[in-house]
Amino acid sequence: MTQPRRPMARWFAPGLAIGLAALISGCGGIFSDTPHRPLYQLKPAVNFGAPMRPIAAQLLVALPTAPTGLDTARVALSRASMSLDYFADAEWADSAPIIVQSALVDAFEKSGAVPAVGRDNAGLRADFILETELRDFTAVYDSPNSPPRVTVALTLKLIKIPERKIVAQQRVIRQQPAAGTTIPDIVNAFNAALSGTVEEAVRWAVGIPALLSSRPSVS
Numbered sequence: 001m002t003q004p005r006r007p008m009a010r011w012f013a014p015g016l017a018i019g020l021a022a023l024i025s026g027c028g029g030i031f032s033d034t035p036h037r038p039l040y041q042l043k044p045a046v047n048f049g050a051p052m053r054p055i056a057a058q059l060l061v062a063l064p065t066a067p068t069g070l071d072t073a074r075v076a077l078s079r080a081s082m083s084l085d086y087f088a089d090a091e092w093a094d095s096a097p098i099i100v101q102s103a104l105v106d107a108f109e110k111s112g113a114v115p116a117v118g119r120d121n122a123g124l125r126a127d128f129i130l131e132t133e134l135r136d137f138t139a140v141y142d143s144p145n146s147p148p149r150v151t152v153a154l155t156l157k158l159i160k161i162p163e164r165k166i167v168a169q170q171r172v173i174r175q176q177p178a179a180g181t182t183i184p185d186i187v188n189a190f191n192a193a194l195s196g197t198v199e200e201a202v203r204w205a206v207g208i209p210a211l212l213s214s215r216p217s218v219s
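The sequence shown begins at 1 in the working numbering and counts up by one.
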């Protein structure tokens, strides 16, 4: 009498497991780790001179919206007007929108004009919210062998709470040529461009009549 045949899957399972283990552990396997990139931080330096006259309004800074190509921790570059690429050997410590939001909050705090400022996801109550769109955050190469110029551009909207009414809007842009072609040179240019952008954004916001009318009376 013929014995029933064993299922083939049971016989091949050990060999299959060994093969998968070898594939995963081998050099260049399909599950190899993502190449490590050095991380860079931006710490914008703003200078408002003398502290600005304080206002009574409290402000929240929303996380900037950004196109898909800029909503990343990759350091963006452009070599042609319609192209976007990234440096292979550099990455931001946070995504570009988080970097910009942190820089704006820090600049408002250093201005001395706003008594209370925070991120919009902190669950705080405020009189106004500053919504922003990150329009540009790239190193632009005008020629292959020359240092790039960094461009940082923001669209700002100051919104009254709780009406959600736009009381003012503005576009701010800064460009900073890099001193050289190395990554540190380019990071320094990003830092300078972002510093100028957030400083101008703060000066614009605290000068808006809707905020000025919230200033406490001076005895």
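It should be emphasised that the hints constitute simulated quantities derived from the structure, not laboratory data. Don't take every hint at face value.
Claimed, not checked - Quick list of in silico lysine-lysine cross-link-like pairs, DSSO-like style, CA-CA up to 27 Å: (1) 160 / 110; (2) 43 / 165; (3) 43 / 110; (4) 157 / 110.
The structure presented is a predicted model; accordingly, all values stated were derived computationally and were not measured.
Hint check results:
no.: 1; hint: 160 / 110; in the structure: holds, 23 Å
no.: 2; hint: 43 / 165; in the structure: violated, 32 Å
no.: 3; hint: 43 / 110; in the structure: holds, 13 Å
no.: 4; hint: 157 / 110; in the structure: holds, 21 Å
The structure is inconsistent with hint 2 alone, although it conforms to all the rest.
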